[in-house]
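A.B. asks: Here the protein sequences line up with chains A and B, keeping their order.
According to our numbering, the first sequence holds residues 1 to 323 in order.
According to our numbering, the second sequence holds residues 324 to 687 in order.
It is worth saying that the hints were derived from the structure and are not from the lab.
Glycine is no exception: its CB is placed at the ideal position from the N, C-alpha and C atoms.
Possibly wrong hints are sitting among the right ones.
What the hints assert, rightly or not - As a list, the in silico DMTMM-like pairs of lysine to aspartate or glutamate whose alpha-carbon atoms are at most 20 Å apart:
1. B:K454 x B:D439
2. B:K600 x A:D287
3. B:K566 x A:D287
What the hints assert, rightly or not - Per the computed footprint, the stretches of chain B lying under chain A, defined by three or more beta-carbons under 8 Å from a beta-carbon of chain A, are:
4. 556 to 563
5. 570 to 576
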Amino acid sequence: MKGFVKRFSRELEVVAALAVIMIVFGMIQPIYFSPSNLLDILDQSVINGLLAIGMTLVIITGGIDLTVGSTLAIVIVSVGNFTVMGLRPLPAVLAGVAIGFVLGLVNGVLVAKMRLQPFVATLGMMSVYRGVAYLITGGWPVLNIPQTFRDLMDGDVVGSLSSSMILFLAVTAVAYILLKHTKFGTYLYAIGSNEEATRLSGVNVDKNKILAYAVCGVTVALAAMVMLAKLGTGEPAAGASYETNAIAAAAIGGTSLAGGKGSIVGTFLGAILLQALKVGLVVCGVDTFWQYIATGLIIVFAVYVDVIQGKLAAMRLNKKAKA
Amino acid sequence: MKKNRLWAVMAAVVMTAGMMTGCTEPAATAESGAEGAAAEAFNPDKEAGVSIEELREQLGAVPKVDGEIKLGAVAKSFDNEYWRTLREGYGEYQTKAAEAGYSITIDVTSAQGENDEQGQLSIVQDMINKKYTGLLLSPISDGNLTPGVEDAKKEGIPVINVNDGLIANADSFVGPKADQNGELAAEWIAEKLEGKGQVAIVIGMPKAFAARQRTEGFENWMAANAPDIEIVAKQNADWDRQKSKDLVDKWIKQYPELKAIFCNNDAMALGVVEAVKAAGKDILVVGVDGIGEAYDSIRKGELDATIDSFPLYKAQIAGEVMLRKLGGQEIPRVLWTPQALIDAENVDKPAAEIIGWTDPVYEQ
């Protein structure tokens, strides 16, 4: 039990924060606790959650991926076109995943092989990818996405549990295993903590870094296709500034932007927490201007709790050393 | 010791900063005082604007303009269908004016996305350096083109502000009355609901002039004319389709009696349509802009209405007004361009017929 608490201390904190937020909103607006509302929170977390999971992998390596919104746009218009041209849903999804993988790969190569700073490299590619998305359609949205595709990516499967929610849970599980129980995951943490030492110990740093960006591209592609299914339309303007929310979810979940530290479960909860907050503010009819402030404060507070915790841990270590 | 030094440095910084602001502040206000005040006060919706029909009646035919006319039109961003249609309108006007005997070219460019304030200003300054005859500007923000407009004035180049953002120091504003489109939506919804029921508003971006005015127009009309209609919710969705769908998913559950939703633009309205469809509810959805997708959706019986401000004709009006100005006519500060509500009844009617469009009469 103690081991569990220790191992998941950050996650448990986010759960506690989530509980506080939900209780507060639930007390103000009882409708907040209705099953359909809770399900909505999960449903509406899917897109940002998928982006944030990819983002977490990249941030753990000490990088960042600002292209997620633009990558989403390319995938949404490309896959939209494929389905409208008559490609069946499953091949269309695979094509989307492949596109996401390749776009992520390009980011990874820029960062790992050409040694560009991740922030700057992906800042540039954010603009490039957005331009590509506009070029693909000439600025127009792709309309009338076939119902079969929409059912595959966002149809009801069991009761009110939709395929997109199941996808979100599945991706979370896979990413968790990838990070915690494979060499790839161990390498990502190692690269983020000390890239040089990792390299010297014989790990192929470049390859693993590139893969992290590519996997991020894949989760973004999945998010794009969920959005395409939800809206039935693929706009090249879709996803603008979505990277900020993805980073926020990761940060709330305890992922450090300095690299080397982060958790998928934390990110999953972070995405849920952000949406629980958003939905709560909406349900309670909080003024828009205050919504910006509330969301921002939660992010800052969450990260601050992390800092305090780090200090406390250091103090404890000190005491132990002295004793 | 170290701490003391730090304090000393900080004190010095604060003092210098204080001195600098102390020195520059009065000068800055003196320079921008008149303009700054005007920028805050200028709201075309509050001005006594005239319509294009009234203007034509007052001023008669479009006068002759000698020599080569080279107009520069700068839009916000061609990412957006609205601005692409406006570009088309300028192109059409160039052809029509050329047919009427003017030697005219209209160069249409846009900034690189709706956050490229500085880039848009560079385009304008380049046009001034190249001695364009007149400028038709649609600035990204209310302030980003102000320096360019000052330069244009020094060079004697007339400036017409087409649609929002607003340029306080432009010669004239040509565009739709933003609060009127909220009013048109309110009036239509009130009529369909027979004056009672719950409605909600999805706002664009709270910083945007158009979003504020559209929302205000809607609310004011309802308050004044339909006391039994209750606005139960209003929130912003940042012009984003997905965000607006998420928002309305919630509202539908929270307000089972919700009867109509007004959205500040069509993209958001189309997101709302998805939410309403998924919930299997019968809720009226009204958007603004009149984009092609909105027309299709109305034809399919999904979206209920949109307010179109006809950028294709707005551009032609802007061109005509510029020719009048170059020909020496006195142009009012604010000129309203037509807008109309499009629903299932008039969705297939040609726009020219809806707004009663006629081409102007030329002297030459």
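A.B. asks: Checking each numbered hint in turn, tell me which of them this model violates, lowest number first.
C.D. replies: Result: hints 1 and 2 break, sorted rising.
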